[in-house]
Amino acid sequence: MKKNTSTKTLNESKMNYDLELLIDMYQKMLLIRRFEEKAGQLYGMGKIGGFCHLYIGQEAVVVGIQSAQIEGDSIVTSYRDHGHMIACDMDPKGVMAELTGREDGYSKGKGGSMHMFSREKGFFGGHGIVAAQVPIGAGLAFAHKYNGNKNVSITYFGDGAANQGQVYESYNIASLWKLPVIFVIENNKYGMGTSVNRSSAGDNLSDRGKAYGIKSEIVDGMDIIAVRDAAIRAIEYCRSGKGPYILEMKTYRYRGHSMSDPAKYRTRDEVEKIRKTSDPIENIKILLNKMGVEDKALKDIDVKIKSKIADAAKFAQDSPEPSEAELYTDITIN
Amino acid sequence: MTIEILMPALSPTMEEGTLAKWLVNEGDSISSGDLIAEIETDKATMEVEAVDDGKIGQLLVPAGTEGVKVNTPIALLIDSTELPHASIKNIADKPYLEKEKIAPELKMVKPITLEPNSSIITVREALRNAMAEEMRSDKNVFVMGEEVAEYQGAYKVTQGLLDEFGDKRVYDTPITEHGFAGIGIGAAFGNLKPIVEFMTFNFAMQAMDQIINSAAKTLYMSGGQMGCPIVFRGPNGAASRVAAQHSQCYASWYAHCPGLKVVSPWSSKDAKGLLKSAIRDPDPVIFLENEVMYGQSFNCPDNEDFLLSIGKANVEKEGSDVTIIAFSIMVGKSLEAAEILHEKGINAEVVNLRSLRPLDLDTIINSVKKTNRVVTCEEGFPFAGIGAEISALINENAFDWLDAPVKRVTGKDVPMPYAANLEKLALPQVDDIVNACGEVCYKD
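Quick mapping for you: the protein sequence lines, in order, are chains V and D. In terms of the numbering used here, the first sequence has 773 at position 237, counting the first letter as 1, and numbering is strictly consecutive. In terms of the numbering used here, the second sequence has 326 at position 306, counting the first letter as 1, and numbering is strictly consecutive.
These are computed hints drawn from the structure, not numbers from a lab. For each residue, glycine too, the CB sits at the ideal point set by N, CA and C. There may be inaccurate statements among the hints.
[To be verified] Sample of chain D residues facing chain V (criterion: CB under 7 Å; computed from the structure): (1) Pro28; (2) Pro32; (3) Gly186; (4) Pro194; (5) Ile195; (6) Thr196; (7) His198; (8) Ile203; (9) Gly206; (10) Met225; (11) Asp229; (12) Ser234; (13) Met241; (14) Met246; (15) Ala424; (16) Pro425.
Using the sequences and the hints given, assemble the complete structure.
Dropping the structure here:
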């Protein structure tokens with residue numbers, strides 16, 4: 537596999553972007569990061585149980601793509617899903633309360649970190665089985681096409697999932713039936729503790745779409761402008777009825793696979809180097825500075841976000857556990 | 021030398037067929053590989069090739085004859101050097117058409133009396149009618165699966181659907197069960213109502229993760245947001261002579277899991293009423309059909325609103341001495357057993373479960389209270405099977421009403437063998453039910 541070559545910062549040519557949009561994207565990425573930091577903290581305090589997979593480092597991917605979506609598009613992803621939910625404008629309170637297993641959580645405390653949903657926001661999970669969301673995302677695209685609407689399905693999966701057979705079963709059918717699905721491979725370089733180089737044959741995961749006639753591109757997933765631009769191209773292609781599209785996002789997670797991962801498979805230097813040179817939030821900050829936004833304004837945003845997250849954390853701990861009667865609800869509809 | 025051309029078996033379960041058309045005439049010279057006839061089975065129309073060279077001496081079965089048993093001689097092939105009349109004379113008094121070399125299980129089918137507001141149709145037709153009716157009334161219902169569209173269904177269950185509804189409602193999939201099951205589930209999450217056909221449930225094991233982890237559990241994991249209105253249907257259980265990987269009953273596998281509904285029809289009426297209910301149901305339904313039953317005919321209500329409630333069993337025959345609890349093909353075998361038992365002075369009640377999850381415990385318990393003796397019947401393996409569950413439930417709910425321990429009749433605890441004699445031994449037979457009933461009634 538090719539190395540993630542993202543070491544550059546956002547350049548001057550990107551300064552023609554709408555300032556309001558950039559600030560909005562900055563806020564969203566920061567909201568995700570602060571949320572995840574708090575989730576990690578609460579996990580350490582024993583307030584969150586089970587598995588908890590943090591999205592820190594990958595924020596530009598989901599926020600950049602989300603900025604190119606329209607109302608009614610559907611999103612589906614794996615168990616590393618907190619960032620996607622916040623990007624979909626799901627309430628951080630409800631997400632955090634699900635992490636703490638409380639009745640105000642999005643799944644009434646019955647799903648947990650890996651299994652959350654909001655039909656209202658177009659977020660179809662949150663799936664705990666590696667790659668299971670890929671055919672489901674193709675199925676959501678099928679529904680869009682069947683209904684004749686112009687919406688698309690954004691289907692996220694990791695580099696680890698990219699080796700699962702059902703991904704290719706989905707590629708095949710999506711291409712045959714020209715389903716409006718964008719397969720977003722979030723290549724963060726490690727499937728749990730195994731690097732892409734040790735698990736995946738061939739040069740690039742995105743190349744694998746070629747066998748199915750699916751257009752693909754590799755994107756610097758640490759550069760939110762590059763992500764947004766690619767998403768606009770991919771979504772436009774899908775919406776116009778040309779079929780699926782693959783975006784391989786070269787990204788990086790700073791934390792372990794889950795909270796219980798000591799991450800011995802990589803060096804601290806590797807993580808530090810990427811944090812220093814490619815951090816998506818730092819990059820956009822530099823751009824905003826160049827465009828005349830002062831540090832103080834950015835700091836104010838951070839303060840507001842921290843306060844919002846603190847509220848969410850409090851809410852999530854104050855919310856009661858689900859009533860015992862919930863044990864037997866929602867098994868079937870009738 | 022005269023060679024008999026025999027009615028060929030064109031599928032594992034074919035017992036008879038229609039000789040639709042002769043493509044040769046008496047006196048024609050043919051070579052190996054030439055097409056000689058068209059034969060219709062319940063699954064397809066097939067062309068038959070000659071396997072020997074020679075001259076057609078006589079066509080023994082006229083074109084258009086229905087119900088020609090497999091292995092019946094249908095024509096005589098004579099050596100082209102031989103005089104036709106001589107050879108025909110030699111065999112003229114052989115009672116060819118009476119000969120039945122195969123189908124040991126084939127019983128004389130009792131004539132069916134037409135019931136009011138009903139038609140006598142096959143289980144296959146009932147299933148197709150159910151799908152077509154629901155597709156007409158709800159545009160969100162669509163069908164996907166292997167060979168369901170252009171091929172008209174591997175077992176002809178979806179025959180005609182493509183013609184009526186077009187390729188936006190009927191989809192041929194690649195042979196990738198895991199992927200297309202997941203796509204169906206995604207479509208259901210997107211508010212469509214997919215009917216996913218598995219060519220057989222043996223292949224659905226490839227899709228098991230999607231069925232259990234995605235279809236069955238997501239409603240719960242989403243706190244009630246993510247309903248999955250999908251039907252997975254196809255033949256389940258043993259067909260005939262297709263061995264271990266293609267002959268298994270999955271009833272207890274699916275019935276084990278909360279979040280799924282599991283139904284298994286026996287008759288045409290069951291098939292129509294249950295499938296229509298399954299398609300309308302907001303939950304994922306596993307619909308276990310049986311290949312051997314597809315061609316069997318029963319009365320079936322014509323009413324397009326005819327529904328059978330999922331979760332309700334039906335007492336097919338009232339009785340007082342012993343309750344036989346069965347589903348799918350075993351209902352028919354249980355009714356046969358009940359007739360034999362009647363001759364032995366035992367009056368058996370036959371309960372057709374129809375639904376395995378939810379299970380109609382009330383009907384079971386009421387029957388136990390009436391007869392005090394129970395035999396369960398299923399094709400599946402005994403260990404942790406449906407019979408084991410029913411036995412446990414009876415212990416918990418009606419122990420004091422029992423006069424004998426519950427007895428299970430099941431498939432044997434072995435992978436299905438190929439050899440005809442071993443296969444018969446592995447599958448539960450009518451005699452096994454009769455004997456089990458005799459045992460619980462303490463009669464030999």
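Here is how each hint holds up against the structure:
1. Pro28: Constraint on D:Pro28 not satisfied, violated at 35 Å.
2. Pro32: Since the shortest Cβ distance to chain V is 27 Å, the answer is violated.
3. Gly186: 12 Å, violated
4. Pro194: With a minimum Cβ separation of about 6 Å from chain V (threshold 7 Å), the hint on D:Pro194 holds.
5. Ile195: Because about 10 Å separates D:Ile195 from the closest Cβ in chain V, which is outside the 7 Å limit, the hint is violated.
6. Thr196: 4 Å, holds
7. His198: 5 Å, holds
8. Ile203: 4 Å, holds
9. Gly206: Holds, because the Cβ-Cβ distance from D:Gly206 to chain V comes to roughly 2 Å (cut-off 7 Å).
10. Met225: 14 Å, violated
11. Asp229: 6 Å, holds
12. Ser234: 6 Å, holds
13. Met241: The hint holds - D:Met241 has a Cβ within 7 Å of chain V, the shortest such distance being about 4 Å.
14. Met246: 5 Å, holds
15. Ala424: Check failed: Cβ of D:Ala424 comes no nearer than 34 Å to chain V, outside 7 Å.
16. Pro425: 32 Å, violated
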